[in-house]
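Protein chains in written order, with numbering that gives the first Met the number 0: chain Z, 0 to 314; chain S, 0 to 478.
Derived from the structure by calculation, the hints contain no laboratory data.
Heads up, a few of these hints could be off.
[What the hints assert, rightly or not] Using 25 Å as the maximum straight-line C-alpha spacing, the simulated SDA-like pairs for lysine to any residue come out as follows:
| no. | chain 1 | residue 1 | chain 2 | residue 2 |
| --- | --- | --- | --- | --- |
| 1 | S | Lys391 | S | Lys401 |
| 2 | S | Lys272 | Z | Asp299 |
| 3 | S | Lys272 | Z | Trp152 |
| 4 | Z | Lys222 | Z | Lys292 |
| 5 | Z | Lys73 | S | Val231 |
| 6 | Z | Lys292 | Z | Ala213 |
| 7 | Z | Lys209 | Z | Ala246 |
| 8 | S | Lys272 | Z | Arg256 |
| 9 | S | Lys272 | Z | Ala252 |
| 10 | S | Lys336 | S | Leu116 |
| 11 | S | Lys272 | Z | Asp309 |
| 12 | S | Lys478 | S | Arg157 |
| 13 | S | Lys272 | Z | Ser97 |
| 14 | S | Lys272 | Z | Ala307 |
| 15 | S | Lys272 | Z | Gly139 |
| 16 | S | Lys130 | S | Val171 |
| 17 | Z | Lys209 | Z | Arg147 |
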Amino acid sequence: MLARVADSLYWMGRYIERAEHTARLLAVNLESMVEQAPEDAEVSWRRVAAALTDEAVAGMDAQSVTETLTFNRKNSSSLLCSLSFARDNARQVREQLSTEVWEHLNRIYLGTQGENSESVWVHQPASFFRQTLEDLFTLGGVTYSTLRHGEGWRFLQLGCHIERAQLSSRLLDIYFGVVAPGIDQDLPEPKYFDWLTLLKYCTAFEPYCKEYTAALNPAQIGKFLLFDAEFPHSVRFSVNSIVDALAHVAPGAPPSRRAICERLAGRLKASVDFGLDELEGGAIDNFLVGITKQCEQIHDAVYAAYIAYDAEAVL
Amino acid sequence: MRGPPYTNYDLGLAYDEMFARDGSIRPPYRALDGRLRTLPAGELARRQNACEQSFLHQGITFTVYSDAQATERIIPTDLLPRIIAADEWDRVERGLKQRIAALNLFLRDIYNEGLVLKDNIVPRAMILGSKHYRREMRGLAVPHGSYVNVCGTDLVRREDGAFVVLEDNLRVPSGVSYMLANREVVRRAFPNVFRSAGVLPIENYPNELLATLKSLAPFQEDVSIAVLTPGVFNAAFFEHAFLARRMGVELVEGRDLLVNDNVVYARTTSGLKRIDVIYRRIDDDFIDPLIFREDSALGVPGLFNAYRAGNVILANALGTGVADDKAIYAYVPRLIKYYLSEEPILDNVETFLCREPKSLDHVLANLDKLVVKAVGESGGYGMLVGPHASAKERAEFADKLKADPENYIAQPTIQLSTAPTFVDGAIEARHVDLRPFILHGEETKIVPGGLTRVALRKGSLVVNSSQGGGSKDTWVLSK
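Isolated chain Z (complex conformation) (with noise of 0.2 Å):
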């Protein structure tokens, strides 16, 4: 596989992720906010603000932060962002795509690309993002039945769970961490309707009912979220995901230049592995730091190794 095509496919991976992320976050706090009272709507913004940009936000209210957080093309991680730039790299590779998987990749960006925050206000604002989500899914669901399962599908897998461990450590950190510099740093403890929402975000309720019970704890949500082997948005999993993609991407490289990216893939799943038992200390938030760095440098010894290499080096 060409190294730029391999590029695109990994970072159209990355976007559609972090769309489908974004979509999702909305969606369920636009639809749980009418429960809460709006001091805690507010601090609920203030966590999805937070979970989604460091961007500064106009106004904690539901429609300011909606309209930073998707229609704002200004801020590059905004879901109208994601969507565009998810299909440039599909065009770039578009004859490496299945027709199924470009088209419809395609039709969500043309549906998406006229609405602003006023035009979904108008209507239930939630359902926008609903539908949304929905079309990602089956997005999913097409490129998964419609692509070889081959070296341009790995690329995928890998930019999608990269971005996924990426957002779903920087999202725990808000409800468990000392949080990080640069995100909101007087957030109050979550609440337990806060503590259902985070599940909702991860798309973990039912799962998580089913494994623990709807006893709410925090403790069993960190756990859950963190290290459940079979949920398919705990870190485990992604990482899990991410370790097996590298075991098949360029088939054809050397040991030597395979080397790196499989140390530290290993590296990163032995601290998912043994991570549960390190916890027992508390210290999530360095753990979860962690992850985010492991995981930005697998991705620059994968771009070392088999995109951006000395093609001098190799003849």
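With chain Z held as given, fit chain S onto it using these hints.
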């Protein structure tokens, strides 16, 4: 006055593809006519809309550079097919095969012995002075003597109904993906007419292109082929991606390739992969910054030397533009006689070379009747359509002509034939041309049909997509 659904259909001076002079329906159009008469009101508009939605979702768009607002637009497509009878196509096909054979012989000649120049068939200065003549190509052997492997020849129908050649596109002709995309949507819009009319298939074009490219590297077992594109911002990017996908070969950009020791490699995740044949969709000027334009970021440094060394095949070969120059065009009938000792099967449009003083005088005196074209331009740029220009525009153009006559040719305005087109809810007559695609390698292949371009503005004779043109599916009927 014609009855519904043709109440808006005006026959002009031009030959009409559907209606004979006496108002009867020409035989190839009878099946379509039967359907159009029975379609419920609004149904045509619904189907047209479905076509356009399909193009939008597929991302079949082109880029307009003069428009800073929206760079990506759908190419307008018309769902009424343009239909050609079997015997007419037969003549066109023979004529095109004859023409591509002569043009390839001409290119081989001027880059080698130069007999055609020694025999004074074509002025030496015109060839050596052409900006598309590539000195670097002299003495270089190309597989099967085939310089032009993919050719798009623009044909028009004269008032008398004869197909004539308007121009040859021998460099990087585009449009074949629209031909195939139009077929897919129109076949869906008129499934029954399509079946009953007996339309010849064109879907094998990508296979034929692949076979042509493979035939250029006949000694290799496992030949590695790539389509070279300028990238996603190029107007024809959709087509480049489409052809790569349908052929099952790699689509590469200049930055994916590198040359080492005169061998071309693509950078893959696993390492470097050798490339043997490149179907390049980048102009000569941009292909290698070491030899041609050094500011080109699209090309591959060292590619030309790899080509000269015989380690990679480029299709089309470099330097083919010298033969599709609008001035050389006037000599093609003579070239057919010179190389093949045959009479041309397809005529040229009558052409005045402004480099000849007598012709220049004639052109200047008849500017209001002629179309004047700059020799090195394409895409409808740098031309004057005399009958549609204002007196001021003609005067300004006359000055340009006098200043640089060698750069211009003139042709009488041809009333391109008209064909039924669905415009603003009604079926109207619009002018069309035809661009068939000719493949030339070990063999010569033409898929039956081509891209019919249509001038969507009423009365307009300019069919280029950059100038408000659209396209149509083209049906060639079986015998």
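Hints, verified against the model:
Annotation: proposed proximity of Lys391(S) to Lys401(S) holds, straight-line Cα distance about 16 Å (limit 25 Å). A threshold of 25 Å between alpha carbons decides the hint, and for Lys272(S) with Asp299(Z) the separation of about 23 Å falls inside it, so the pair holds. A hinted pair counts as satisfied when its Cα atoms are at most 25 Å apart, and Lys272(S) with Trp152(Z) qualifies at roughly 21 Å. Among the hinted pairs, Lys222(Z) with Lys292(Z) is consistent with the structure: their alpha-carbon atoms are about 20 Å apart, no more than 25 Å.
With a CA separation close to 23 Å, the supplied pair Lys73(Z) and Val231(S) stays within the 25 Å bound. Distance hint between Lys292(Z) and Ala213(Z) is unfulfilled; the C-alpha atoms sit about 33 Å from each other, more than 25 Å. Pair hint Lys209(Z) plus Ala246(Z) does not hold up; C-alpha atoms about 32 Å apart against a cutoff of 25 Å. At roughly 16 Å between alpha-carbon atoms, Lys272(S) and Arg256(Z) fall within 25 Å of each other, so this suggested pair holds.
Between Lys272(S) and Ala252(Z) the CA atoms are separated by roughly 12 Å; this keeps the pair inside 25 Å, and the hint holds. Simply put, Lys336(S) and Leu116(S) have alpha-carbon atoms about 15 Å apart, close enough for the 25 Å limit, and the pair holds. Between Lys272(S) and Asp309(Z) the CA atoms are separated by roughly 14 Å; this keeps the pair inside 25 Å, and the hint holds. In summary, the hint linking Lys478(S) to Arg157(S) is supported, as the alpha carbons are separated by about 24 Å, within the 25 Å threshold.
Of the pairs offered as hints, the one joining Lys272(S) and Ser97(Z) holds, with about 24 Å between alpha carbons and a cut-off of 25 Å not exceeded. Between Lys272(S) and Ala307(Z), the direct Cα distance comes to roughly 15 Å. Compliance with the 25 Å bound is thereby established for this hinted pair. For the hint linking Lys272(S) to Gly139(Z), the alpha-carbon distance of about 31 Å lies beyond 25 Å, and the restraint is violated. Pair hint Lys130(S) plus Val171(S) holds up; C-alpha atoms about 16 Å apart against a cutoff of 25 Å.
Of the pairs offered as hints, the one joining Lys209(Z) and Arg147(Z) is violated, with about 33 Å between alpha carbons and a cut-off of 25 Å exceeded.
Taken one by one, the earlier hints fail for this structure at numbers 6, 7, 15, 17, listed in ascending order.
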